[in-house]
Amino acid sequence: MTRWTLTDWQFIGFENYITFLSEPSLNIGFRNTIIYAVLTCGLKVIFGFLLGTFLCTNIKTKDYLRSVVFFPNLLSTIAVGVAFGSMMHPSQGLINKALAAVGIIGPDWLGNTKLALLSVIFVDVWKGVGVATVIFIAGIMSIPQQYYEALMIDGGGSFEKFWHITLPLSRPAMNSVIILALIGGLRSFDLIWTMTKGGPGFTTDLIASIIYKQYAAGFYGLSTAGNVILFIIVSIIAFPLYRFLTKSEVDL
Amino acid sequence: MVQSYRSSNKTIYKEDACMSKTRKKIKKMVALISCVAMLIAVFPGCANQKTAAPDKNAPAQSDGTQNQTPAAPDKKVTLTLLIGNQTTLDGLKGVMEAIEKKYNIATEIELRPGGAEGDNVVKTRLATGDMADLCFYNSGSLFQVLNPEQNFVDLTNEPFMSNVLDFFKSTVSANEKVYGIPANTVMSGGWLYNKKVYAELGLSVPKTWDELLANCEKIKGAGKTAVIGSYKDDWTSQLILLADYFNVQAQVPNFAADYTANKAKFATTPAALRGFEKLYEINKKGYMNKDFLATTYDAALKMLAEGTGVHYPMLSTSVSNIEANFPDKVNDIGFFAQPGDSADKNGLTVWTPEGIYISKNSKNIEAAKKWAEFFVSQEGIAAYVSKQKPGGPFAIKGATLPDDVFPAVKDVIQYFDAGNTAPALEFLSPIKGPNLPQICVEVGSGLKAPSVAAQEYDRDVEKQAKQLGFPGW
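Top to bottom, those sequences are chains D and V.
Under the numbering used here, think of the first position of the first sequence as 11, with each following residue one higher.
Under the numbering used here, think of the first position of the second sequence as 461, with each following residue one higher.
A few of these clues could be false.
Here are the simulated lysine-lysine pairs, DSS-like style, with alpha carbons at most 25 Å apart [unchecked claim]:
(1) D:K124 x V:K745
(2) V:K667 x V:K805
(3) V:K829 x V:K562
(4) V:K535 x V:K820
(5) V:K805 x V:K830
(6) V:K830 x V:K762
(7) V:K553 x V:K725
(8) V:K656 x V:K762
(9) V:K805 x V:K750
(10) V:K562 x V:K656
(11) V:K487 x D:K107
(12) V:K667 x V:K680
(13) D:K107 x V:K762
(14) V:K805 x V:K725
(15) V:K750 x D:K124
(16) V:K750 x D:K107
(17) V:K562 x D:K124
(18) V:K656 x V:K745
It should be emphasised that the hints constitute simulated quantities derived from the structure, not laboratory data.
As the structure is a prediction and not an experimental result, all values here were calculated from the model.
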C-alpha cells in the first residue's frame with residue numbers, strides 16, 4: 011500500500027499491486043510458477059508412487075534402494091543447483107559430453123528459452139521425489155495385509171492388487187504429497203536462483219525470484235506487494251484443493 | 461491363578477501411571493530448562509557484541525608497547541573493509557600493508573559476492589547497522605540508493621579530499637556533501653581485443669561501427685569467435701549498451717539531464733536506441749560464441765587471452781584479471797572505445813571508480829579517516845602501483861602512471877590525452893533500471909527486438925524512479 015524505504019514512506023494505494031500485475035517482466039512469473047508447481051507436483055506424485063509401490067515389493071536390495079532414492083534429498087538445494095548448473099553447460103557440461111559420446115548433440119539445457127524451465131523442473135523432481143516416495147511407502151505399508159489376502163482368495167492378480175487396493179487406499183499419502191509438493195513448487199526459489207537466476211532474460215522467473223529481484227533493487231513496497239500476492243495465490247490454490255482431496259479420501 | 465495374575469497386572473498399571481506422571485513432570489522440566497537456556501543463549505549474544513569492541517583492543521595494547529616505531533600510535537586498531545569478491549585485491553593489499561606499517565592500523569578484509577547479491581549484502585548490513593568500518597562500493601547511481609546521508613561519514617571538509625579529482629567527487633556526493641574516496645583507477649567501457657589475432661588476420665582498429673562489423677565478419681570467416689558473450693554473469697551483457705553512451709551524448713548532448721527529468725526516453729531517442737540495436741545486431745549476425753548463455757566472465761577472459769575469442773565488450777580494468785590468470789598473455793590484449801556511426805566522433809565512455817565509504821556506525825572513525833587520507837596520498841598510490849599495475853588513470857590529483865602499464869591501458873590513456881571521453885550514463889543520472897542486465901540478455905540473445913526492449917527498459921526505469929521517489933516522475 012505504501013512506497014517505503016527503511017526510513018520513509020508514502021501512501022500510494024494499490025499502485026504497487028497494479029504495477030506488479032501489469033508489468034510483463036513481473037507477471038511472466040505467474041505463468042511460470044503455475045507450470046513449475048503443477049509439473050513438479052504431478053511428476054513427484056507419479057514417480058513417487060511408482061517408486062513407492064516398487065520399493066514395497068519383496069526385492070532383495072529394498073533397503074539399499076530406498077536410501078538411494080532418498081539420498082538427493084539430503085543434499086542442500088544450493089549445492090544441487092550449482093552442480094546441475096555446471097553439468098548442464100552446453101559444451102563443457104557432463105550431460106552433453108555424455109550425450110556426445112553416444113553421438114547425440116545435446117541441447118543448451120539452461121540457455122534454451124523453451125527448455126530452461128523444464129530442466130530446472132527435472133532437477134527439482136530428481137531432488138524431491140525421495141520425500142514423496144517415503145510418504146508413499148509409509149502409506150502403502152499401513153494398508154492392512156488382510157485386504158490383499160481377501161483379493162487373492164477372490165482370485166485377483168498383482169495388477170488388481172495395485173489398482174483396487176494400493177491405489178485407492180494410499181490416497182491419504184497421495185494427498186499429503188500433492189499438497190506438500192504443490193505448495194513447495196509455488197514458493198520455490200532457491201533452485202531456480204542458483205541454476206538460472208530467472209534467465210535467460212526473464213524466461214524462468216518465478217514469483218518468488220521476481221519478488222527477490224524487486225527487493226534487491228530497493229523496491230521494498232513492490233516486493234511486499236508481491237509477497238502478499240504470492241500468499242493469496244498459494245491460499246487460493248491450496249485450501250480448496252486440500253478440502254477437495256480430503257473429501258474424496260476413501261476410508262479404510 | 462487368573463485373579464492373582466490380574467491383580468499383579470493392576471499393580472503394574474498403577475506403577476506405570478505413577479511413572480508416566482513423574483515422566484511428564486520431568487519432560488516439563490526439561491522443556492522449561494531448554495527454553496530458558498535458549499533465551500539465555502540469545503541475550504549474551506547481544507551483550508557480547510557490545511563488549512566485543514574493547515575486547516578486541518585489549519590484546520592489541522600489549523602489542524603496542526612492544527612496537528618500538530615512534531610513528532605508530534600506541535594502540536593498534538583493526539579496521540574492517542567489506543569488498544566484493546570479484547575485485548582484484550593486490551593493489552589494495554599493498555596500500556593496506558603500508559598503512560599498517562605507518563599508522564599501526566591493520567585492515568581486515570570481509571568478502572561479499574558481487575552483482576545484485578552483493579548489493580543486498582551491503583544494503584542489509586547498512587540497514588541493520590552492521591556495516592564494516594570501510595565499505596567498498598560503486599559510485600554513481602548505485603551509491604545514491606544507499607541513503608548516504610544516513611549511513612556514511614561526511615568527508616566534505618576533510619583536507620585530504622582536495623587530492624581527489626572533482627569529477628569523481630560528484631559521483632559520490634549527495635546533497636552537495638562528499639562521502640567517498642576513489643577506491644580504484646578510472647575504468648573505461650569498450651572493447652578488449654586480442655592483438656595477436658588482429659595482426660594475424662591483418663585487421664586494424666575500427667573507428668566506425670561498420671568497420672567493426674567488417675572485422676567481425678573476417679574473424680568469423682577465420683573460424684574464431686568474433687565477439688565473446690558471457691551472459692551467465694548477466695551484468696556483462698550491458699556493456700555494449702552502456703559503453704555506447706559517448707556516442708549518445710555526442711549526438712544528444714543533454715540526454716542525461718532530460719532522462720533524469722523524465723523528458724527523454726530510450727525508446728524515443730534514436731541515438732540511445734542504437735545501443736540496443738548494436739547489441740541485437742552482434743547476435744543476429746552470429747558473431748558470438750555458441751554457449752554465450754552459459755559462459756561466465758572468467759571463462760570469457762580465458763577465451764580472449766587464448767585468442768579463441770577476439771573481441772570482448774568489457775571494462776578496461778579486466779586486464780588486471782587477465783594478468784592475474786594469464787600473465788604471459790596480457791600484452792596481447794588491446795582496447796578500443798565502442799565505435800559510433802561516424803569516424804570523427806570517436807571517444808570513450810568512462811566509469812568512475814568505486815568508492816570507499818566510512819560507516820557512520822564505525823567505532824574507529826578517526827582511524828578510518830587516517831586510512832582514507834593515506835589512501836588518496838601520493839604514498840598510497842605508490843604503494844598501490846608497487847603491487848598492481850593500474851588498469852587506467854587514477855582519480856587523484858598529481859598521480860602519474862608508471863611507464864610499464866599494460867598495452868590495453870596505454871590504449872585507454874590515448875583517449876584521455878585527446879580529451880575524447882564522457883562519463884557513463886549511470887554517473888550522470890541516479891536513474892538506472894534494475895532489470896537492465898536481464899533485458900540486455902534478452903536483446904543480446906535475440907529474444908526481443910531492440911525497440912520492444914527499449915520500451916520495456918523505459919518502464920523499468922519509471923518503476924525505479926517512482927519507487928525511490930525521484931522528483932518529476
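Next on the checklist: Flag every earlier hint the structure violates by its number, smallest first.
Outcome noted: The structure breaks hints 5, 6, 7, 9, 10, 11 and 17; every other hint is satisfied.
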